[in-house]
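Q: Letter by letter, the chains look like this.
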Amino acid sequence: MALETRIYQKEQQTRLGKLLKTSFQDIYSSRFLSLQLAKRDIKAQYRQSYFGIVWAFITPLTTALVWIFLNQTGVITLTATGVPYPVYAFTGTLIWSILIDSINSPTSSTNSARSILSKINFPKEALIVSGIYKLLFNSCVKLVLIVVFLMVYGVPLQGLLLLFPLALLCVVFFGTSVGLLITPLGLLYNDIAKMIGLGMRFLMYASPVVYVVPKSGIMKTIMEWNPLTALITVTRDLIIGGAFDYLYYFMWVMMASLPLFLIALLFYRVSIPILVERMNA
Amino acid sequence: MKDDKVLLAVEGLSKKFCKDLKTSLWYGLKDLYSNVFGNVKARHLRPKEFWAVKDISFELRRGECLGLIGHNGAGKSTLLKILNGLLQPDAGTVTIRGRVGALIELGAGFNPILTGRENIYNNGAILGFTKREIDSKLETIIAFSELEDFIDMPVQHYSSGMKVRLGFGIAAQMEPDVLLIDEVLAVGDLGFIMKCFKTIDSILPHTAIVFVSHSMPMVSRVCNKIMLLSHGESLFYKSDVAKGIDIYYSQFNHAKSTVVFSDHSLVLMQTKLMNPHVEDQPLPQLNWGDDLQLYFEFRIEKALQRCPIFRIIILDKELREVAVLEENEDASGITITQDLLCFTVCHKRLELSKGVYSIDLLVATGKMRAPLLRQNNIFQFQILHETETWPPFLLNASYAQC
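As you go down the protein sequences, you meet chains X and W in turn. Going by this note's numbering, the first residue of the first sequence is number 1347, and it counts up by one from there. Going by this note's numbering, the first residue of the second sequence is number 6, and it counts up by one from there.
Keep in mind the hints are simulated off the structure, nothing from the lab. Mixed in with the good hints, there may be bad ones.
[To be verified] The calculated lysine-lysine pairs, modelled on DSS-like cross-linking and capped at a C-alpha distance of 30 Å, are:
hint	chain 1	residue 1	chain 2	residue 2
1	W	LYS27	X	LYS1540
2	W	LYS248	W	LYS277
3	X	LYS1367	W	LYS10
4	W	LYS27	W	LYS53
Bound-form chain X, shown alone:
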């Protein structure tokens, strides 16, 4: 019987290929663990609550309601969106909530595992993967909600809708990559999470979440530079049948997030021992 040999020392393995390979091996070998962790959290979340799944979409729903109210009472006038405004606002806030959740997911998954991280050696990548599972579960629920909304407002369901889950997957992937990249810092300093929360609140208004990209002006420039614009509009266009103005930008963003994800994954892997030491729960 050949025994696997492990060496722990100060120096880190720096050959990227080797690191990536071990990282992916860990992801593969821990597939049961990540699924189990996701199942555990989802089950526990709903077992101790009456409204359960409602909490997953109550925030985007209320945000959308506020905007629908503002628009319909004429307090603010918004450019026509091409579909009934409630559908536009609601799809926007739902996609936005999925994005925010994905950015927060790696930090919160790692944070909630503090007590095991400092006591048991297991493949940490499982935490990220379980975070993705949980996101996908919540997204599926939101997806169903969107379809219900479309039918209520009589927006015709089109074939492109079948691509929508794929686009959601892209949103989750992008968000997780960004979130993963800041996780090591976020675990050291709580400030990071607060800053992200604050920043994202502003960023929502610099993205076409509840209103369309204006035809001219400074906001148009900002929005067109903002990569989130591409993510949100393209994803939403799949539902409401828009013009896919930012399709190329979307593809660039997705292509860029693949190396981003790999870099973040390596950074995470290399940082974990230091984080375990400093956060020592």
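With the hints as your guide, set chain W onto chain X.
A: Relative to the frame of chain X, chain W by itself:
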């Protein structure tokens, strides 16, 4: 299968910690940066840092069990975490061959809302089992933890003992080549502890174990090598477990005597051993089987009507009362001279086993035993013998054919 391969080799291992949280976080940030670039530079102590583990080396083979002992904060748990790959060493290397199991925390990953059965899967997954492995071991785990009736109850309603049993039941299913154990066995009732030891005994022959404990009886029972840590450094590392335990206990011999009760009629001035094995040891020593001859001297503050009664209690190093000397009779002839009361007391052929003992004293008077003075830990002495015996008495015995 005889296997002499070193399973766990530790060379010059060091680890430093920071005393200040803000600084620690800042260093963490710097370390993140240097880690990305391979972390090749030597690490020195930065301000506010100290060595939690310093220059530790040892080797373990299959069937060997290393006891790690030392006072609180000596670096035992840190060392164990490095061995488990949780912390990154600041110098030195750890080489581990084979599957590593760690009993550092039982029941990690338990979610209180979920049932015991569901949590077996959670905890098992974290410990590295596959689904199929857990499926096949489920019944064994439930039986081992004796939770058949409660397995579908949420874990938050378990007693702490039940949680630990379940945790150990799962962990016991690991078949590790190297097993790291930290204090976990201190909880649970006696039956459970015995069960744990039985399990450990059964895996010991084909495993290398590192065992951290404050319980010397457990260490002396399980381990065949010992390392005494003090402030991160190894003070003693040999296979002479008994010697190591002795040194460990001698670290605590500076405990002060305390007066528990006094009616101020007499004050203990001096206690000494009349016949120490060697003069001028910090702790008076006797050989096993020597006579115990103690000398007491009191100053009388208030006139006593008669000679009080002395009760001399011997406690072992775990502060269990193990013996008491017969009380003096009225006719023992102890008299008071010039406000001083002195006497000697002798016990022939003391058969206390090897170790350190302390003495508590009770002085009382009259038929009702009205207490005059109760003073704890008035004196400490050490018994020397070549064999380590956990029970407090090693009784002389002779065997004969019949």
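Q: Please go over all the hints and tell whether each is borne out by the structure.
A: Hint by hint, here is what the structure shows:
no.	hint	verdict
1	LYS27(W) - LYS1540(X)	holds, 18 Å
2	LYS248(W) - LYS277(W)	holds, 25 Å
3	LYS1367(X) - LYS10(W)	holds, 29 Å
4	LYS27(W) - LYS53(W)	holds, 11 Å
The structure is consistent with each of the numbered hints, conforming to all of them.
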